[in-house]
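Sequence lines, in order, name chains A and B.
Per our numbering, the very first residue in the first sequence carries number 52; after that it's consecutive.
Per our numbering, the very first residue in the second sequence carries number 52; after that it's consecutive.
FYI, nobody ran anything at the bench for these hints, they're computed from the structure.
The reader is advised that the hints may include incorrect statements.
Heads up, the list lumps identical chains together, so a pair's fine if it works in one copy or across two of them.
Quick list of in silico lysine to aspartate or glutamate cross-link-like pairs, EDC-like style, CA-CA up to 20 Å [to be verified]: (1) K154 - E354; (2) K378 - D233; (3) K378 - E164; (4) K201 - D340; (5) K173 - D269; (6) K331 - E127; (7) K304 - D91; (8) K378 - D313; (9) K131 - E252; (10) K154 - E351; (11) K135 - E322; (12) K131 - E316; (13) K378 - E127; (14) K154 - E322; (15) K411 - E354; (16) K53 - E316; (17) K411 - D180; (18) K131 - E382.
Number of protein chains: 2
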Amino acid sequence: MKLTCSQSLLNAKLSLLSRIVPNNPSHPVLANVLLTAEPDRLGLSVFDLSIGMQVWIPAVVDEPGSLTLPARLFSEIVSKLPNKDVAITTDDVAVSLACGSGKYQMQGISADEFPELPDLAKIEPIQIDAGILSEGIQSTLFAASSDESKQILTGLHFSSSTGSIEMSSTDGHRLAIFQSADTEDCDFPLDATIPVRALRELEKMLTRSSATVSVRSDRSQVVFDMASEHGTERLTCRLLDGQYPAYNQLVPKDFNRTIAIDRQELMSSVERIAVLAARKNNIIRLRFDADAQCLFLSAEAPEFGSGQESIAANITGESIEIACNTKYLTEALKAAQSNECLIQVNGETMPFVLSPVSGKKATYLIMPIQIR
Amino acid sequence: MKLTCSQSLLNAKLSLLSRIVPNNPSHPVLANVLLTAEPDRLGLSVFDLSIGMQVWIPAVVDEPGSLTLPARLFSEIVSKLPNKDVAITTDDVAVSLACGSGKYQMQGISADEFPELPDLAKIEPIQIDAGILSEGIQSTLFAASSDESKQILTGLHFSSSTGSIEMSSTDGHRLAIFQSADTEDCDFPLDATIPVRALRELEKMLTRSSATVSVRSDRSQVVFDMASEHGTERLTCRLLDGQYPAYNQLVPKDFNRTIAIDRQELMSSVERIAVLAARKNNIIRLRFDADAQCLFLSAEAPEFGSGQESIAANITGESIEIACNTKYLTEALKAAQSNECLIQVNGETMPFVLSPVSGKKATYLIMPIQIR
Chain A
52 MKLTCSQSLL
62 NAKLSLLSRI
72 VPNNPSHPVL
82 ANVLLTAEPD
92 RLGLSVFDLS
102 IGMQVWIPAV
112 VDEPGSLTLP
122 ARLFSEIVSK
132 LPNKDVAITT
142 DDVAVSLACG
152 SGKYQMQGIS
162 ADEFPELPDL
172 AKIEPIQIDA
182 GILSEGIQST
192 LFAASSDESK
202 QILTGLHFSS
212 STGSIEMSST
222 DGHRLAIFQS
232 ADTEDCDFPL
242 DATIPVRALR
252 ELEKMLTRSS
262 ATVSVRSDRS
272 QVVFDMASEH
282 GTERLTCRLL
292 DGQYPAYNQL
302 VPKDFNRTIA
312 IDRQELMSSV
322 ERIAVLAARK
332 NNIIRLRFDA
342 DAQCLFLSAE
352 APEFGSGQES
362 IAANITGESI
372 EIACNTKYLT
382 EALKAAQSNE
392 CLIQVNGETM
402 PFVLSPVSGK
412 KATYLIMPIQ
422 IR
Chain B
52 MKLTCSQSLL
62 NAKLSLLSRI
72 VPNNPSHPVL
82 ANVLLTAEPD
92 RLGLSVFDLS
102 IGMQVWIPAV
112 VDEPGSLTLP
122 ARLFSEIVSK
132 LPNKDVAITT
142 DDVAVSLACG
152 SGKYQMQGIS
162 ADEFPELPDL
172 AKIEPIQIDA
182 GILSEGIQST
192 LFAASSDESK
202 QILTGLHFSS
212 STGSIEMSST
222 DGHRLAIFQS
232 ADTEDCDFPL
242 DATIPVRALR
252 ELEKMLTRSS
262 ATVSVRSDRS
272 QVVFDMASEH
282 GTERLTCRLL
292 DGQYPAYNQL
302 VPKDFNRTIA
312 IDRQELMSSV
322 ERIAVLAARK
332 NNIIRLRFDA
342 DAQCLFLSAE
352 APEFGSGQES
362 IAANITGESI
372 EIACNTKYLT
382 EALKAAQSNE
392 CLIQVNGETM
402 PFVLSPVSGK
412 KATYLIMPIQ
422 IR
C-alpha cells in the first residue's frame, strides 16, 4: 500500500472514527482502524462488533492494498502533524508515515483479521431526509434508559405509520415521541430499536452530510449511508433484540385540564427551583391555579431552604397541584423548542403530557410523583 | 441586613469566590460566604484558613449588617436568576432572596462564627505592577511540584534582588526562573514562598484588575489588594514554611554548546514525538548535529513504533545527544514565548538551560536523563 492524502481530512475522519474504537477490545484487531487504499480513495473502517463506521476520503494511491493500524496512536500522531500531505507506505504489517520534517513507524495487523462490517447490499434501501432523522434524534434521545439491564429501553424505537416516521424513547418513568410531518417517501414498513450510542454518532455524521440518508435494515442490523463533502460515510449497527413496549396506549386520549405557557420562562423557573430540589429529592411541585391563571412552582429542602416561582399561564379546567422530577420536566421543556408549550393534565397521579404548540410534532409524557 | 444589588455582578463575584470554598470544611461556617452590608456596598468573603478572598460590589443598602450563607447553594441559585436586581433580606439567620418572579429562602450561620481574614493593616504595602505579577506567574507556575510531601516546592518563591522581582519554581527535576525588568519601585526586601493554588486564583483576579497590586507580607501571611472595575478585591494567603532551595547555584555560569532554534517549530515537533514517547517512558532524544546544523529528535516505544523529526538550528560547539522528559521540554518551550529560543548545553548528564531570545527574562533548567 502506498498513498498520499491530506492531513486535515485524515485527521477529521480519524477523530470521528476513534469514538467507536473500544477501550478494552475482545480481540486486538478491534482496537485498530482498517485502511483500504483503492484507486483515488482511502477507506477507513472501525468496528466494535456492534457499531461499525466506514468513511472514504480522496487519496493519490500509487499501490492499492489494505492494513489495520492502532486507531488511537495513529489518530493521535496524525492530529499533531502539520496541515500538509501525509504519505503512507506499508511493508507487510510495518507502516511508515511521512509528513513535513517528521517520519513515523508503526506496526499494524493484517487486514485479513479485521471482521467484515455488515452492508446489507441485497436489501432495498429507503431514503430518509437527514433533517428529519436529526430532529427526531434530538427530540427523543434524552428520554431513553441508561440502565443496561433494561436492554430494549436503551434504544430509540423507529416505526412508520400512515406515511410518517415515528421515533420514541422511554425509561419507564417518562416517554418521548416524535412524529415527522407526513411525507410520501415514508411509505415503507419500519420497526427497529437502535442503540442510543449509535444514534449519538449518527447525529454527528448527519450535521456534515447530504440531505438524504439511505437506510437498509433487516431483523438484526441497520446500515446508514450518506454522502459527505469529501466522500461517502457509513454507520452500521446491530439492532436491540426484543419487543418494544406498546407505548402509544400509555398516552391518554383526553385531558380535563389544559395549560398554555411560555416555554422559555417555565424552563428558567424550573432550573432555578431545581437547584433547591437537588438538595433533597429532585421533586418540584406545580400548582396550576385556574382562578389566578398562574402556575406556582416550588421546592423544599428542609436543611437548606426553599424556593417559589410564579408564571402567568392560560389555564382551562380546575386548579390542581402535581409533583414531578425536575430533570424529566427540564429535559422535555428543552426538547420541545417552540415559544409556547401545552401541558395537559388529568389528575395528581395520572401521567401528564407536555408538547410544543407549534413547529414539530412531539409528545412528552411524564409520570407524576405522589405527594402527601 | 437589607439590600439590593445587581444579579450579574453578584453572580460574577460568587463564581470567583466559590473556587476557594473547601468541599469538606473542618467547620461548617467555612462552607459559607460572609456577606457584609455597609453603606453603598456589599462585601463577600470566603476563607479556608489558608487562602482567603474578599470582594466588594456596589449595593443599595437599607439596613447594614452581616451574615454567612452556604456558598455553593447561594452561588448556584444566583447564577440561574434573571439579570435583574436581587433583593436580600435577613431575619436573624434566615435569608430571603427575591429576584423577578422568584423568591428563595435559606438558613445562614451567624457572622460571629466566621474567622477573621488576615489584613496586615499595620504593614507598609509595596506596589507591584499587575502585568509583571501575571507574567511571572505564567512563566513559572507549571514547574512547581504537585507532591504535597515536598511542601516548600509546591509554592512559587518570590524574592527581590538589585531592583527587580524574581519568581522561581522547581520540582527537583527542573527549575523555572523569571526576572522582571529592573524597576525603581522594586527596591524592597522580598522573600516568600506562596502556594501555587493561591497564585492560580490571583492570576484570574489580575486579568480583571487595576494596573498596580498592593502587597503586604509578614513572615507567615501575604495580602494582595487590587481595584477591580466595580470595587476592591483582596486575596490573602498563608505562606509556605521553610527554607526555599538556593536554586541560583544550580544554574551553570558557562556552557560549551549553544543552540539557537525556532521555538514554535521545536514545540510542534516535540509534541508529535511525545505521542510515541508517552507509550513508553516519555523520553525524547535530542541530537544536536553541529556538522549538519540540525537538531534531530526521536523516540521509540518498542511495541508501538518510533518517530523522528529534524529541525534546522544554529549550533555552536561540538555535536551532542541528550535525552529528557517530553513534558519538561514542552512546558518550558510553551512558557518561553519568544519566536526563537536558546538551548545551552554542557554535557549528556549535566543540566541544560532553555531561554527565550527576546522579550522577558526567563531561565528554564532541565535535568537530562542518562541513556545507554
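Results for each hint:
no.: 1; hint: K154 - E354; in the structure: between (63 Å within a copy, 17 Å between copies)
no.: 2; hint: K378 - D233; in the structure: neither (31 Å within a copy, 58 Å between copies)
no.: 3; hint: K378 - E164; in the structure: neither (45 Å within a copy, 36 Å between copies)
no.: 4; hint: K201 - D340; in the structure: neither (38 Å within a copy, 63 Å between copies)
no.: 5; hint: K173 - D269; in the structure: within (10 Å within a copy, 82 Å between copies)
no.: 6; hint: K331 - E127; in the structure: between (44 Å within a copy, 15 Å between copies)
no.: 7; hint: K304 - D91; in the structure: neither (57 Å within a copy, 58 Å between copies)
no.: 8; hint: K378 - D313; in the structure: within (18 Å within a copy, 53 Å between copies)
no.: 9; hint: K131 - E252; in the structure: neither (24 Å within a copy, 31 Å between copies)
no.: 10; hint: K154 - E351; in the structure: between (63 Å within a copy, 12 Å between copies)
no.: 11; hint: K135 - E322; in the structure: between (47 Å within a copy, 17 Å between copies)
no.: 12; hint: K131 - E316; in the structure: between (45 Å within a copy, 12 Å between copies)
no.: 13; hint: K378 - E127; in the structure: between (37 Å within a copy, 16 Å between copies)
no.: 14; hint: K154 - E322; in the structure: between (53 Å within a copy, 14 Å between copies)
no.: 15; hint: K411 - E354; in the structure: neither (42 Å within a copy, 53 Å between copies)
no.: 16; hint: K53 - E316; in the structure: neither (59 Å within a copy, 28 Å between copies)
no.: 17; hint: K411 - D180; in the structure: within (15 Å within a copy, 57 Å between copies)
no.: 18; hint: K131 - E382; in the structure: between (38 Å within a copy, 16 Å between copies)
Checked against the numbered hints given earlier, this structure breaks hints 2, 3, 4, 7, 9, 15 and 16; the rest are met.
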